[in-house]
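**Student:** Given next are the chains, with one letter for each unit.
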Amino acid sequence: MPENILSIRGLKKIYHDLDGETLAIDNLNIDIKEKEIISFVGPSGCGKSTFLGILAGLEDKSEGKVLFNGRKKIGYMLQSDSLMPWRTVLENALIGLEIINQKTDENIKKVHELLDKYGLHDFKDKYPTSLSGGMRQRVALIRTLATNPDILLLDEPYSALDYQTRLALSNDLYKIIKSEGKTVLIITHDVAEALSLSDRVVVLTKRPCQVKKIYNVNLTNSGLPTENRKAPEFNTYYDMIWRDLDVHL
Amino acid sequence: MYTYSEEHVNFLKKTKKRKCLIYVSQASIIIVLFLIWEFLSRLGLINNFLFSSPSSIIKTISSLISANNFLNHILITLYEILISCLLSLGIGFLIASILWWNSFLAKVFDPYLTILNSLPKVALGPLIIIWVGASMKSIIIMSLMISLFITIINFYTFFMNTDKSYITLLKSMKASKKQIFTKVVLPANRKNIINTMKVNVSMNLIGVIMGELLVSKEGLGYLIMYGSQVFNINLVITSVFVLAVISSILYYIINYFEKK
Numbered sequence: 001m002p003e004n005i006l007s008i009r010g011l012k013k014i015y016h017d018l019d020g021e022t023l024a025i026d027n028l029n030i031d032i033k034e035k036e037i038i039s040f041v042g043p044s045g046c047g048k049s050t051f052l053g054i055l056a057g058l059e060d061k062s063e064g065k066v067l068f069n070g071r072k073k074i075g076y077m078l079q080s081d082s083l084m085p086w087r088t089v090l091e092n093a094l095i096g097l098e099i100i101n102q103k104t105d106e107n108i109k110k111v112h113e114l115l116d117k118y119g120l121h122d123f124k125d126k127y128p129t130s131l132s133g134g135m136r137q138r139v140a141l142i143r144t145l146a147t148n149p150d151i152l153l154l155d156e157p158y159s160a161l162d163y164q165t166r167l168a169l170s171n172d173l174y175k176i177i178k179s180e181g182k183t184v185l186i187i188t189h190d191v192a193e194a195l196s197l198s199d200r201v202v203v204l205t206k207r208p209c210q211v212k213k214i215y216n217v218n219l220t221n222s223g224l225p226t227e228n229r230k231a232p233e234f235n236t237y238y239d240m241i242w243r244d245l246d247v248h249l
Numbered sequence: 001m002y003t004y005s006e007e008h009v010n011f012l013k014k015t016k017k018r019k020c021l022i023y024v025s026q027a028s029i030i031i032v033l034f035l036i037w038e039f040l041s042r043l044g045l046i047n048n049f050l051f052s053s054p055s056s057i058i059k060t061i062s063s064l065i066s067a068n069n070f071l072n073h074i075l076i077t078l079y080e081i082l083i084s085c086l087l088s089l090g091i092g093f094l095i096a097s098i099l100w101w102n103s104f105l106a107k108v109f110d111p112y113l114t115i116l117n118s119l120p121k122v123a124l125g126p127l128i129i130i131w132v133g134a135s136m137k138s139i140i141i142m143s144l145m146i147s148l149f150i151t152i153i154n155f156y157t158f159f160m161n162t163d164k165s166y167i168t169l170l171k172s173m174k175a176s177k178k179q180i181f182t183k184v185v186l187p188a189n190r191k192n193i194i195n196t197m198k199v200n201v202s203m204n205l206i207g208v209i210m211g212e213l214l215v216s217k218e219g220l221g222y223l224i225m226y227g228s229q230v231f232n233i234n235l236v237i238t239s240v241f242v243l244a245v246i247s248s249i250l251y252y253i254i255n256y257f258e259k260k
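Protein chains in written order, with our numbering: chain R, 1 to 249; chain S, 1 to 260.
Keep in mind that the hints were calculated from the coordinates and are not lab data.
Since the model is a prediction, treat every value here as computed from it, not as a measurement.
It is possible that part of the hints are untrue.
Stated by the list, open to error - Here's a subset of chain R near chain S, in silico, CB distances under 7 Å, partners left out:
#	residue
1	Leu58
2	Ser82
3	Leu97
4	Ile99
5	Tyr118
Note that the Cβ used here is the ideal one computed from N, Cα and C, for glycine as well.
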């Protein structure tokens, strides 16, 4: 049994404005295991992104505990790739190291290796505008990996891209994460994407956000996400999760 | 070697031709206007004394240079513009950065900035001269009054409108406020900063000339004022003409830096 890298207990978040208060997250509990890929699906506007924002330290929680097992570094990836047009691909990938003042020769070499390994060798000195959407996301992922985080938080990472690119990037992401050995939390509204990528899928309730159900995904031909989609149990899982989500227009 | 298709060659030719035509048209407008002006004045259809003429302008310029230290007046005006530009960009940048840094201060000073910006600064001219004296100092203060507040407001608005996703990204990396400012806010606003410099130059040009009109000691503004008082229209029109040349040169200098 892998150890828990992160435990969340009784997490609560209230938003305040002059019109009143909104309970976004209420009593959310979950344990995250080391090196697992875990997806969170839930109705839109249920507070998923808030949850991730709290873990990333971008927002304050109102109540509850977020317990890391030891000192853990966190990498956060947003919906948009946020590559800075005034920086080259290499400079973009290095910004995280620059911020934490760890732009050492060794770390720079590691970023070079990552860029080489994932097919961006010829684009290092190009500006992001000359890259396709898929490649930009790959640079964004390498930028996140550059600071060597233990836990990756991905907030609807590929939602801005077209379907084909997303499928290809799912495989890409899976391979990169597995070979770098990271714990990954993904927020998505795409049930198929969640199922094909993750070891576990967590279904969240409508606002206030709580854990409704957790699925351990066991697929017979577990491999790359595109392969996983072909597994016979895939549709059964999909139907169960879809029913849990209880989508009404 | 790859050769272009005939259609593409034609396209290139056409684009070039069009560009040439635009330049030629631009030049001919000014040439034709000056020719008409010259002819009207020579034929006596307009009064040369009241409306001057291109040839008198040239004559006036050469006599001013030899007799009246014309270059000195031009240099003084340029110097005043340069100093006020540097001051207003520097101070404006500093204050805008502080306001970006501290949203409380920004909220507190917002109405004051708006009032100061919308107040017609010419009204302050006489006061400034009384307080500071009729010197270059009051010309520069005058010019700063006109350009500074709009510079602060512009810089501040640009800083605040920086793409939020870059800032969120840096915050998730635990960046300090200083790092967010130097690594995102400034580089993201490079173009906007240069644009503000452009606006700033023309505002200071207005401010300096206005100051010189009021202080009336030296510079192109003084020549205009002096010329109108002694009814030397030639001098007034020549100074305005030189002013137009100076402002377009300044504009093209900044444009050159913008493209770099």
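**Student:** Any hints this thing doesn't respect? Which numbers, in order?
**Tutor:** 3, 5
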